[in-house]
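With chain A fixed as given, assemble chain B onto it according to the hints.
Protein sequences, first through last, are from chains A and B. Sequential numbering of the first sequence, starting at 213, is according to the working numbering. Sequential numbering of the second sequence, starting at 213, is according to the working numbering.
Just so you know, these hints were derived from the structure itself, not from any lab. Take these hints with a grain of salt, some might be off.
Identical copies look the same in the list; a pair holds intra-copy or inter-copy alike.
[What the hints assert, rightly or not] Mimicking PhoX-like on lysine-lysine, the simulated pairs with C-alpha atoms at most 20 Å apart in a straight line are: (1) Lys610 / Lys416; (2) Lys308 / Lys570; (3) Lys402 / Lys416; (4) Lys573 / Lys308; (5) Lys610 / Lys595.
All of these numbers come straight from a predicted model, not from anything done at the bench.
2 protein chains.
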Amino acid sequence: MRFQTLPGFRDFFPADLAVRRWIESAWHKAARNAGFEEIDGPVLEALELFTAKSGAEIAGQLYAFTDKGGREVALRPEMTPTLARMVAARGAGLPKPIKWYSVPEFYRYEKPQRGRLRAFFQWNVDVIGSDEPAADAEAIACACDALRLLGLERDDVVVRINDRRFVARELAGLDVAEADQADVLGLVDKLERDKSAATKLDDKLGARRADALRALCDAYPLQRAPELESVLNAARDLGVECELQPDFRIVRGLAYYTGPVWEIFARGPVLRAVAGGGRYDKLIAALGGPELPALGFGMGDVVLGELLAEKQLVPPTRRRVEVAVVAVTPELAGQARRLVAQLRSHGFAAEAPYGAPKLVKALRAADAAGATRAVIVGPEEWKDGKVVVRDLSSGDEKLVAATEVWRTLA
Amino acid sequence: MRFQTLPGFRDFFPADLAVRRWIESAWHKAARNAGFEEIDGPVLEALELFTAKSGAEIAGQLYAFTDKGGREVALRPEMTPTLARMVAARGAGLPKPIKWYSVPEFYRYEKPQRGRLRAFFQWNVDVIGSDEPAADAEAIACACDALRLLGLERDDVVVRINDRRFVARELAGLDVAEADQADVLGLVDKLERDKSAATKLDDKLGARRADALRALCDAYPLQRAPELESVLNAARDLGVECELQPDFRIVRGLAYYTGPVWEIFARGPVLRAVAGGGRYDKLIAALGGPELPALGFGMGDVVLGELLAEKQLVPPTRRRVEVAVVAVTPELAGQARRLVAQLRSHGFAAEAPYGAPKLVKALRAADAAGATRAVIVGPEEWKDGKVVVRDLSSGDEKLVAATEVWRTLA
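Excised from the complex, chain A in its bound form (with noise of 0.2 Å):
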């Protein structure tokens, strides 16, 4: 093979593009249920845009270069300083909230693995100009929907929920100093993978604050969380059946979640994640948009895709054609055509052979594309102005006009 993809990139073949658009339609399907727009940005740049968030050290893992115009860029790793920017731009003069979704590609240059790809798709959904409960439980219902429509059920997820303010709470009751707040939340997060992550806790915070994080992660006192508990009443409300789980553990390490954090879980052997989100209150303002509220998830195709295709959800792909016309001599492939155009107009997926072929291999090559149904074009029927309708499946035949060959289709 002369050319191969990059490590991490993909080629879409039929039956993997196939896969690709049923999970991006339920992904479309539930965020316009939801009363959520689609927007879209560019897949480049100015580098400068992402450091704005991540600081100067993101740009090592991201595909950035220079371009001919000397301008710093990169390929986007993820949408919400364009989504930033875009309110910034707009957002000044549209009703609140605002409420967008998109379903772009991402580019991350690490290293490739299982569930990780250096090109990914995935699918985010952001509430921006409320603070409301409800907002937050929006989002997560709309998470559970996309799962709901591609076939998972209320127990293969659970959705696992913690609140950095009563995080933030908790820490400045135990007298945790603000500068060792993130990495004891590092640690946090490190608790159910990593069996050291305990005792850096110990080290770090002493035995008898480190029992009480871990108490926290045991047993969550919801009592103390009312902001997470009106979430889980709305999300209840909003249709959410799977288990809604209040964990301490789930921190999500970026730095500006301000409310509500949550990741989905596919159960199993292992848990995977397969989508996380939260609100973000300062981060519009701090990318240089207006002062609002705001909130978001996102859902990528790879892991999701990978359990789809373990718990065989995904459906047989599509047939190419659903009608084949076929002249049985050479001298009726224009009237072929014809029909082939009479039945396009009217919506259906048909094609004629572009050559010749003998009937029985232009028959087989109709069924290898998926056809149900053929449309033969023979002599004798021609000069009566019909044609034969064969079913594919039952070799059951109808003679019909035809001009009236998509009707009888239909």
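Same frame as chain A, but now just chain B:
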């Protein structure tokens, strides 16, 4: 404004993206009705994939850079090299002809101007593995079908078409040396737009031969190009209703075309090209694929979008929500959300306010969001398990059982 898009790149706000999605939906529909399957490839490819087709000098027009692994890479400027790679990888096992289409975004580092951006979407339709004229005709018919679906009428566009085999015969008949043919065709291509091209053609070939070429441009001798006549006939059979105009000036500079070459122009004060394609029988093998005849075309979103806007064919933006559910008192907000969940699960785009606005304000917001109906949850009606469904244009109201709201709205 702190951040801007890069020159030649676009933000797609909801109204902008709705136009793009509408154009894309016509592309998808026309391609599927004609039996094409959708593929996609990576946005980023090895630079060599593009220089192998177009020469090293193409790199100057690309977003090309060295990635962090030291690879020379470029944002894709077109689909054909990727297509050739995909055919090389899997084509041998697929039934022929292969009928593939795609709707990728392409990137070129060119001076942005009206109708030409640095990032644009393009519909690509290709047939691989057929040398029949009906295959060329089907591509033309498919392109025309998309334009028809977008509202353009037969007199709005013209397909200008030529055949590189005929061109080669004519040039050979005039004893134009192989080495001069590219230059000569370049001048023929410019005859219409650049007055100096006629003089240059005289200088290059002498008046007799230049006159002969100009005569071909004035009147196309279709009887001497039977391969083109077959394409035209098949295209008519396949339902192409707009003018099919043989034109010796349509040569499409690209060296790899080997048969029919064509462009679709929108008529108007100036002709504007909205699509172009042709047969490239040697290219797949030259790019490392199998020896398969092939043809295809591209249709971009930028000029087409301008044209459709000028002709006022762009449909109004879809409503963000269909139904708003509004609680009259804050205590009923949860019930309103449960009705929202009911409506969404039945496929309605529905929402409730996140907070507890007054009824008048909520109804105004519902109207602004495009809702045509509101479901009003009031304390008196709710005692009986009922809600009011209000038609927001007529003001008509009716009382219905809460559990049956979705049925009432269907």
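Here is how each hint holds up against the structure:
no.: 1; hint: Lys610 / Lys416; result: neither (82 Å within a copy, 64 Å between copies)
no.: 2; hint: Lys308 / Lys570; result: between (64 Å within a copy, 15 Å between copies)
no.: 3; hint: Lys402 / Lys416; result: within (14 Å within a copy, 76 Å between copies)
no.: 4; hint: Lys573 / Lys308; result: between (61 Å within a copy, 12 Å between copies)
no.: 5; hint: Lys610 / Lys595; result: within (16 Å within a copy, 60 Å between copies)
In this structure, the one hint that does not hold is number 1.
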